[in-house]
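Here are the chains, one letter per residue:
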Amino acid sequence: MKMCDLMNGQRAIVLNNSDNRRLRDLGLTKGLVIKCLFSGPFGDPTAYLIRDAIIAIRNRDAKTILVEVLEGKE
Amino acid sequence: MKIVALAGNPNVGKSTIFNKLTGKREHTGNWSGKTVEIASSKIKKRKDIMMIDLPGTYSLCASSNEERVCADFIESGKFDKIAIVCDAICLERNLILALQIMQKTSKVMIIVNMLDEAKSRNITIDFEKLHKRLNVPIVGVCAKDKGMYQKIIDKIDDEYTGIDYIEDVAYMAADIARDCVLKQDFKLRYRKIDKILTGKWTAVPIMLILLAIIFWITITGSNYPSAWLSKFLFSFELPIENFLIGINVPTYIVSMISQGAYRVFAWVVAVMLPPMAIFFPLFSFFEDLGYLPRVAFNLDKTFAKVGSCGSQSLTTCMGFGCNAAAIASCRIISSPKARLIAMLTNNFVPCNGRFPTLIAIISMFFIGESKFSSIYGAIILTSLVLVGILMTFIVSFILSKTMLKGEKNIFTIELPPYRKPQIIQILKTSFFEKTLKVLYRAIIISVPAGIIIWLMANTMVFDISILNHLINLLDNFAKIIGLDGVILVAFILGFPANEIVMPIMVMGYLGAGSLIEFDNLYMLKDLLINNGWTIKTAVCMMIFTIMHWPCSTTCLTIKKESGSMKWAVLGFVIPTIAGVSVCFLINVLYNISLLI
Numbered sequence: 001m002k003m004c005d006l007m008n009g010q011r012a013i014v015l016n017n018s019d020n021r022r023l024r025d026l027g028l029t030k031g032l033v034i035k036c037l038f039s040g041p042f043g044d045p046t047a048y049l050i051r052d053a054i055i056a057i058r059n060r061d062a063k064t065i066l067v068e069v070l071e072g073k074e
Numbered sequence: 075m076k077i078v079a080l081a082g083n084p085n086v087g088k089s090t091i092f093n094k095l096t097g098k099r100e101h102t103g104n105w106s107g108k109t110v111e112i113a114s115s116k117i118k119k120r121k122d123i124m125m126i127d128l129p130g131t132y133s134l135c136a137s138s139n140e141e142r143v144c145a146d147f148i149e150s151g152k153f154d155k156i157a158i159v160c161d162a163i164c165l166e167r168n169l170i171l172a173l174q175i176m177q178k179t180s181k182v183m184i185i186v187n188m189l190d191e192a193k194s195r196n197i198t199i200d201f202e203k204l205h206k207r208l209n210v211p212i213v214g215v216c217a218k219d220k221g222m223y224q225k226i227i228d229k230i231d232d233e234y235t236g237i238d239y240i241e242d243v244a245y246m247a248a249d250i251a252r253d254c255v256l257k258q259d260f261k262l263r264y265r266k267i268d269k270i271l272t273g274k275w276t277a278v279p280i281m282l283i284l285l286a287i288i289f290w291i292t293i294t295g296s297n298y299p300s301a302w303l304s305k306f307l308f309s310f311e312l313p314i315e316n317f318l319i320g321i322n323v324p325t326y327i328v329s330m331i332s333q334g335a336y337r338v339f340a341w342v343v344a345v346m347l348p349p350m351a352i353f354f355p356l357f358s359f360f361e362d363l364g365y366l367p368r369v370a371f372n373l374d375k376t377f378a379k380v381g382s383c384g385s386q387s388l389t390t391c392m393g394f395g396c397n398a399a400a401i402a403s404c405r406i407i408s409s410p411k412a413r414l415i416a417m418l419t420n421n422f423v424p425c426n427g428r429f430p431t432l433i434a435i436i437s438m439f440f441i442g443e444s445k446f447s448s449i450y451g452a453i454i455l456t457s458l459v460l461v462g463i464l465m466t467f468i469v470s471f472i473l474s475k476t477m478l479k480g481e482k483n484i485f486t487i488e489l490p491p492y493r494k495p496q497i498i499q500i501l502k503t504s505f506f507e508k509t510l511k512v513l514y515r516a517i518i519i520s521v522p523a524g525i526i527i528w529l530m531a532n533t534m535v536f537d538i539s540i541l542n543h544l545i546n547l548l549d550n551f552a553k554i555i556g557l558d559g560v561i562l563v564a565f566i567l568g569f570p571a572n573e574i575v576m577p578i579m580v581m582g583y584l585g586a587g588s589l590i591e592f593d594n595l596y597m598l599k600d601l602l603i604n605n606g607w608t609i610k611t612a613v614c615m616m617i618f619t620i621m622h623w624p625c626s627t628t629c630l631t632i633k634k635e636s637g638s639m640k641w642a643v644l645g646f647v648i649p650t651i652a653g654v655s656v657c658f659l660i661n662v663l664y665n666i667s668l669l670i
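First to last, the protein sequences are chains X and L.
Under the working numbering, the letters of the first sequence match residues 1 to 74, in that order.
Under the working numbering, the letters of the second sequence match residues 75 to 670, in that order.
Just so you know, these hints were derived from the structure itself, not from any lab.
Warning: the hint list may mix true and false statements.
[Unchecked claim] List of simulated lysine-lysine pairs, DSS-like, C-alpha gap at most 25 Å:
(1) L:Lys266 x X:Lys35
(2) L:Lys193 x X:Lys35
(3) L:Lys178 x L:Lys203
(4) L:Lys178 x L:Lys218
(5) L:Lys94 x X:Lys35
(6) L:Lys257 x L:Lys94
(7) X:Lys63 x L:Lys274
(8) L:Lys152 x L:Lys118
(9) X:Lys2 x L:Lys274
(10) L:Lys475 x L:Lys494
Take the sequences, apply the hints, and build the full model.
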């Protein structure tokens with residue numbers, strides 16, 4: 001599924017490297033486990049836990065990242 | 075002289091470390107890209123070391139101008155050591171940049187910051203292991219750590235060989251973090267606060283309430299200091315005059331200096347300084363707290379619709395303090411086009427220099443003497459601010475569809491943990507870095523402006539002063555946009571500083587030769603009404619206060635920040651066209667309503 005479709009609180013593993021330099025610079029790379037935290041008051045952008053930092057990414061950009069949801073508790 | 079540069083991700087406390095080591099009061103903040111100009115200073119206890127504070131960056135493959143500064147610096151090799159500052163809470167992400175830098179040079183040391191915060195979140199870092207893996211000097215510190223100095227200085231001269239080539243830096247960072255960072259029962263803190271501050275129904279009301287509180291504190295808090303300061307500064311006018319006469323300076327020059335230069339200077343300082351001294355620390359307080367990045371997060375969607383990004387909301391808010399300072403702060407916007415949009419539209423929010431004008435007109439023409447007058451006043455002022463913000467959106471939208479279209483830039487923002495602001499540091503920084511700078515600027519700008527205004531009001535050509543010639547010349551045009559010649563000339567002569575628009579206007583109506591203080595608003599209202607003011611004039615004057623050319627400092631800042639005269643000219647022209655058109659419309663509608 002796409003990263004932007006994650007529900008709040010879901011953890012997921014990243015399946016591809018983004019074409020975008022900036023997202024890779026933030027450490028969002030293939031194989032990383034991320035967590036979807038919360039969305040802004042207007043639904044966009046959404047905050048994710050990426051390598052222990054909270055990073056907000058627009059849904060438009062998060063669409064380019066494929067993820068697989070990890071079931072169960074952390 | 076040894077050169078040691080501090081590098082690291084945004085928000086890791088580089089500037090705080092820099093300030094502690096050098097004793098300088100560089101501005102520190104909580105939103106990325108805060109280090110506006112590269113600061114450098116000698117270390118207090120090691121005068122042979124020059125320390126440089128590089129702008130925060132996530133990577134050496136720069137995507138914005140500011141990030142390139144850091145990359146270029148490291149590429150140049152002109153340093154003796156790079157001290158990479160890492161945040162202990164997200165060491166893994168910080169290590170990506172650290173490893174990238176270590177690929178370029180072995181002249182590296184690592185400072186792991188925020189150890190106290192990490193400890194309170196049950197994060198322990200095994201420094202010995204980390205040292206073994208990275209093979210460079212490492213120190214762990216936190217902001218409160220008094221011995222931090224010594225720890226860092228002790229390691230500055232240590233040399234190691236560094237690491238070998240790494241295939242996948244991101245993977246390596248994760249691997250090292252797994253090895254060296256121990257997290258027990260790791261919890262994200264302050265989730266409840268974020269639920270409220272970024273919540274669907276709560277985010278916007280809280281933002282508006284906080285903004286209103288900041289305004290209220292700034293405006294009411296600066297009333298008395300402004301009055302005292304004005305009394306204090308004006309009490310020197312006569313002694314200066316007497317002194318100059320005493321040393322046989324011609325009377326013409328004496329009044330030019332005392333009633334021209336000095337009076338304008340005293341005026342600008344008395345009106346400008348107190349609100350600045352209150353607004354900037356308040357702003358820094360919310361910045362240090364970590365709230366401002368949440369504001370950008372909350373408003374990103376709104377600003378994205380007009381082709382910009384959430385960070386513009388912060389530069390817009392900064393504009394309430396000072397438009398010039400706000401334009402410099404636009405550096406936090408990484409997309410060049412969004413940054414230009416933010417710079418060109420910033421002037422639509424009234425700065426501290428324009429608020430007094432708005433408040434005076436509102437008190438004179440829009441609120442009677444009722445119990446609720448202060449509430450009415452606040453509502454009208456808020457509506458005016460909202461008109462300015464609406465104009466910001468409209469113009470941003472137009473710019474993003476025309477001159478500045480086409481860029482589909484990515485926007486990300488880091489939401490740092492909430493941190494307790496360091497109040498003393500904030501007060502020190504805002505006093506020395508902001509308030510004193512403003513004072514300096516007030517002096518260099520208001521003195522020549524005062525002389526020019528005085529010369530215009532006191533030089534007669536065909537028995538009429540130059541000022542009055544100008545007023546007569548512009549009167550017809552000014553009437554088309556609901557103003558009059560005096561008001562328009564006051565705005566033109568107020569180009570160096572918006573604070574002096576009202577006093578110039580009063581001077582023009584009274585036909586006086588120097589700025590005149592009017593304490594009494596009733597008398598001022600009578601004066602204005604006798605000069606043909608109606609409710610329409612008051613409305614147009616307020617609109618024109620929000621929408622006209624920026625002050626000279628702001629124009630210069632746009633030129634400096636955009637690197638081109640073209641944008642400074644546009645920054646001048648766009649709000650002027652907006653103001654002239656809106657005032658023209660108001661005037662036409664008002665005249666039509668009179669006919670009906």
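Next item on the list: Identify every previously stated hint that the structure contradicts and give their numbers, smallest first.
Entry: Of the numbered hints, 4, 5, 6 and 10 do not hold.
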